[in-house]
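J.: Sequence:
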Amino acid sequence: MIFEAIQSHDPEKIALRDEGLPVRYGDLMAEIETRVSALFDVSCLGIALDNSVEWVLWDLAALKAGISCVPLPPFFTEEQTSHALQSAGVSHLLSPEALRDIGGRVQERLPDGTTKVTFTSGTTGTPKGVCLSQKAMENVAASLVEILGEDFVGTHACVLPLAVLLENVAGVYAGLMAGCTINLTGIQSFGKNYENIHEHLKGATSVILVPEILRALTAQIAVKGALPDLKFIAVGGAKIDPALIEKARGMDLPVYEGYGLSECASVISLNTPENDKSGSVGQVLPHVHTRIVEGEIQIKVPGFLGYIGEEPPEIFPTGDLGAIDDDGFLSVTGRKKNVLITSYGRNVSPEWVESVLLAQPEIVQAVVYGDAQAHLSALIVPAMPELNIQNALDAANAGLPDYAQVKDFQIVPPFTIEAGTLTGTGRPRREQILNQHTKENENELLRTAG
0 MIFEAIQSHD PEKIALRDEG LPVRYGDLMA EIETRVSALF DVSCLGIALD NSVEWVLWDL
60 AALKAGISCV PLPPFFTEEQ TSHALQSAGV SHLLSPEALR DIGGRVQERL PDGTTKVTFT
120 SGTTGTPKGV CLSQKAMENV AASLVEILGE DFVGTHACVL PLAVLLENVA GVYAGLMAGC
180 TINLTGIQSF GKNYENIHEH LKGATSVILV PEILRALTAQ IAVKGALPDL KFIAVGGAKI
240 DPALIEKARG MDLPVYEGYG LSECASVISL NTPENDKSGS VGQVLPHVHT RIVEGEIQIK
300 VPGFLGYIGE EPPEIFPTGD LGAIDDDGFL SVTGRKKNVL ITSYGRNVSP EWVESVLLAQ
360 PEIVQAVVYG DAQAHLSALI VPAMPELNIQ NALDAANAGL PDYAQVKDFQ IVPPFTIEAG
420 TLTGTGRPRR EQILNQHTKE NENELLRTAG
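440 is the number that numbering that gives the first Met the number 0 gives to position 441 of the sequence shown; each next residue is one higher, with no gaps.
Hint data in this document are derived by calculation from the structure and do not stem from the laboratory. Heads up, a few of these hints could be off.
Lysine-lysine pairs mimicking DSS-like chemistry, simulated, CA-CA at most 30 Å apart [claimed, not checked]:
id	residue 1	residue 2
1	K134	K201
2	K238	K276
3	K299	K276
4	K134	K191
5	K230	K191
6	K276	K336
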């Protein structure tokens, strides 16, 4: 589907562009085929490149050759990267240095038909690999082109890492199927806190953002002025405050919230200029079938081939709570479990981070929070009042990826069964603890941990 679409566009139009020579639609298939030839002995390709034309060409070559591809997120730790390579059986790794054989072989646990293994940011130190078919990804891309129509065709700026499925499928695949020009900029060029994003969005007509980057953009718009060429900004990957959307639209930014999951090949629902409802995450895409069971959003996902080593479910329970109204708009009201999603779209299990904190002798109890926030925070019970907790946090953070590090903390009294903050088996009662220490004391100054 995607390759047929590529060949249907104006051959003189630029398809892919970065700081090097652009690739026109008329030359795109030849560039892909050249790289397909180089994959003759590759059984599973790992891509460890920054956003670039080459990233897209090699990814499309693997798709064309029917070879499983494993994009490696730049925010992964060395341990997480190693886990991804080994669990997926990556045989060859493409890095800035070269394409080289790293000795892996596709595991029998990788389901037949797997063309993409995507590893999320990881709710634990060893994230699961989600196995997807080509059809699953093309279904998402085709649905996006269908609901957005000609307004989507223009210049799409890739801001998120291409290893993030949202950009890979909803940005690049959908963009190429629609006939967009895809602008590819190295992630480092945006700056650590995306302080340069305004400059890189000049001339772009569409972009996909996570809430934290949207916040950065609104701050820059206030100083540097509007970006009148932008026609569509999709925001997803984490909870978004409706007030942020309202603020962005007040600055003439065409912001529309969506919702997606890796297991569904990224986007599930999306608001659009034609169909938009405040407080919702949009109407479900045409190819997606959803249901609400006991408040949980469940999805029939034929393209989800299962996690590595596991059978695919016929119905996928998302773990998210929500509802669908009479007009077909989906809303997400919470999560069944404790997984936190930062405003950068990173999934983090609080138990994982807490276990690292509790490995420090200075800390005896800890509860981590930060859902929809830029970074994680912690409520900490020290072993003794006089201990330097900041030093303990520095030591814990050294073993965590940046998105899972605790940036600020508050010293609190011990959690106890008597106070209603521990269960009978000694587990923290998170809601009670957070209500007590973050809502009632929201004006209390938080100490900064580096």
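J.: Taking the hints in turn, state whether each one holds.
T.: Against the structure, the hints come out as follows:
With a C-alpha separation of about 33 Å, the suggested pair K134 and K201 falls outside the 30 Å cut-off, and the hint is violated. The hinted pair formed by K238 and K276 meets the criterion: a straight-line CA distance of about 16 Å does not exceed 30 Å. Between K299 and K276 the alpha-carbon distance is near 24 Å, which keeps this suggested pair within the 30 Å criterion. Under the criterion of a C-alpha separation no larger than 30 Å, the hint pairing K134 with K191 is inconsistent with the structure, at around 35 Å.
A C-alpha spacing of about 26 Å is found between K230 and K191, which places the hinted pair at or below 30 Å, so the restraint holds. About 27 Å separates the Cα atoms of K276 and K336, which keeps this hinted pair within 30 Å; it holds.
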